[in-house]
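*Asks:* Read off the chains here:
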Amino acid sequence: MSAELAVIAVDCGALPIGGGLLALLRPALNELEAGGMLAVLSSAPTVREDLPSWCRAERHEYLGVETIADGIDRHLIARGEFSVPPATDETRGRLEPRDGKLTASDVLAIAPLPEIGDPATGFAPRGAKVEPAGPAYPFTLNERTHVAPPEIAKLYDQAVANQWDATSDIPWHKVEPLPFPAARALAQVMTFLAENELSALYVPARFIPRIHPVYAEVAMFLATQLADEARHIDVFLKRARLCGVGLGISSVTTSRSLLSLMQTEDFTEAAFLLSVLGEGTFLDLLSFIERHAPDQPTAELVRRAKNDESRHVHFGLAHVRYGLMNDPGLYDRLEAAVRKRAASLHGISGVPAPVHDALTILAAGSTEPHAVARGYEAFRELLETMHTSRIRRLEHAGFTPQQAVTISELHTPNFM
Amino acid sequence: MSDNQTILLGAVAYDPKVVTIWEGIREHFQEQGVPMDFALFSNYERQVEELLKGHIDVAWNTPLAHVRVRRRTGNESLSLGMRDSDRDFHAKLIVRRDSGIKSLKDLEGKTLAVGSADSTQARILPLYFLASEGVDLSRVKLLPFDTDLGKHGDTGTSEIDVLKALHERRADAGTAGDLVWVNEQAAGHIDSNNIEVLWTTPGFDHCMFDALPSLAAEKTESFKRALFAMKWDNPHHRKLLELEGLREWLPPRESGYASLQDALLQTGRE
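Line order of the protein sequences matches chains A and B.
Counting from 536, one number per residue, gives the positions in the first sequence under the numbering used here.
Counting from 229, one number per residue, gives the positions in the second sequence under the numbering used here.
Every clue listed holds true.
Heads up, simulated DSS-like pairs for lysine-lysine below, C-alpha to C-alpha not over 27 angstroms straight-line:
1. K459(B) with K664(A)
2. K245(B) with K452(B)
3. K664(A) with K467(B)
These aren't lab readings, by the way, just hints derived from the structure by calculation.
Model, not experiment: these values are computed from the prediction.
I would like the entire structure built from these sequences, with the hints used as guidance.
*Replies:* Take a look at the structure:
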């Protein structure tokens, strides 16, 4: 035996196998390739008996022992082939704070997203040294181009920095009682918003378990989106119940529209229908409600919700744009998804009547006929604005103007 | 699966996991195009008799069962394969640090906890090797743990009992197989302040797949082919290999059973 061949030596003092020696030995062995040699210095006589047995149990090769000084043994071990793989360079990046902060973008810079997620790495964090032969996990979103746009870390950082509290961030004490028709209209609008936001909570939630954990930032962003939607549901229902007239009507039009969203099985199609088209349209709706809000707390909560929704639209757009860039066939699939959904909603010709009426009264600010006429006109303009914004967003995503018009016209009259 | 093509393997059901192991290995054999089924016995004595009668094709045997098959077939039996962990098995002599036992001779007059009467690693061979080293066993007070007789020490229960007796000061020394001893230490179950290893026996080999010489050559070959196709880096195989306590199947060798054969002759057990 030649100790000169050993690359690493570890001094284990008088530690026995069952008293801490392995905590020094095993990490040292993990630094070696299979066949690499480790010298173990020990003054414990029991290690002479136990180290060869431990090596046998773990399939490392015990090469022998020699006494190098009074009472000090040097054991030599060759690392076996049946253990965790050694670290690779790409997993060793060191994170450095910038201005005292660490962002998800900083993490992404030293631990980039791989093109493909290996089902056998399971929940191992990206960059972990994964022991081979783990079970294959049933993740289905395993390709970066279908899951993780480059903007994801930035969007996640923004989302985390902009969380707010539906309990105390709204000046609830400033809410004043409204006349009955206005209260009924506002309760209806808030009921409608909450119903749609419930679908926006459930639809992305379905995809999180399908996302390969090497794209954890996407799942984490969606988690913030879910938290956003939860807060919106909370805040909209609180505002509705402050009206004191009960909740509004849930119409079959809305129910059918949201069910068709729930039934979309493809992540990109769902992101397109929900975030780009649905939440995109909601941005204009929320601006409209903010503008016509009867009081400051209502304007405030709608404004905050709109900021959150705007992030969701950004993610949806980034997701779809990244997919389209890498897969030109996606244009046709997305248009087909919109057509399929429109076909399933055949017979629904307009905005649910209770919502139509409530938005008109909200914009009118009273039930005086001239005001209602203005409210009705504002509502018609809203529909125009929604259509125009959708076309702009679709063109921004890379659709031709003609495709954009077609898709926008086919969008559900339920807004979401 | 009662046709003549199917290899019928016998195994002893020493633990519920045995069903999982052989269901999994049967599935692997089927994927390899090798029809195989298994029969579970409650003890190795019955399994050996059924092999010798030709009721099963292959028996997954402990060393004690293996040497019995060798003897009963005049060393004509076929050995088909073994685990990597079956090679170079050792037994350990473990002592209480306050027992005053510093050498093997010091065992005389002390209490020695030992495993089941049919456990090769926890009883038969450690006592045989101690006697070979000159220890007068008639002067050692044995504290035996005869649990799971018929299972030939497969459960490891008696080895755990030995270690427990040492921790509880019911014995001054004890014997156990090397794998149980190091695995219990690695798991943090051993109080190194109170008990430690004193001595390691010479090596011996452990389990073996046994068959009668009359086993059809195609069955012998297909059994070995399918067995050795199991790989540690295959997730489905690895789960089974971990349960069965090995990383790879190895070809058979007979050189590791001489001490056990001799021990059984000396004690008149076989």
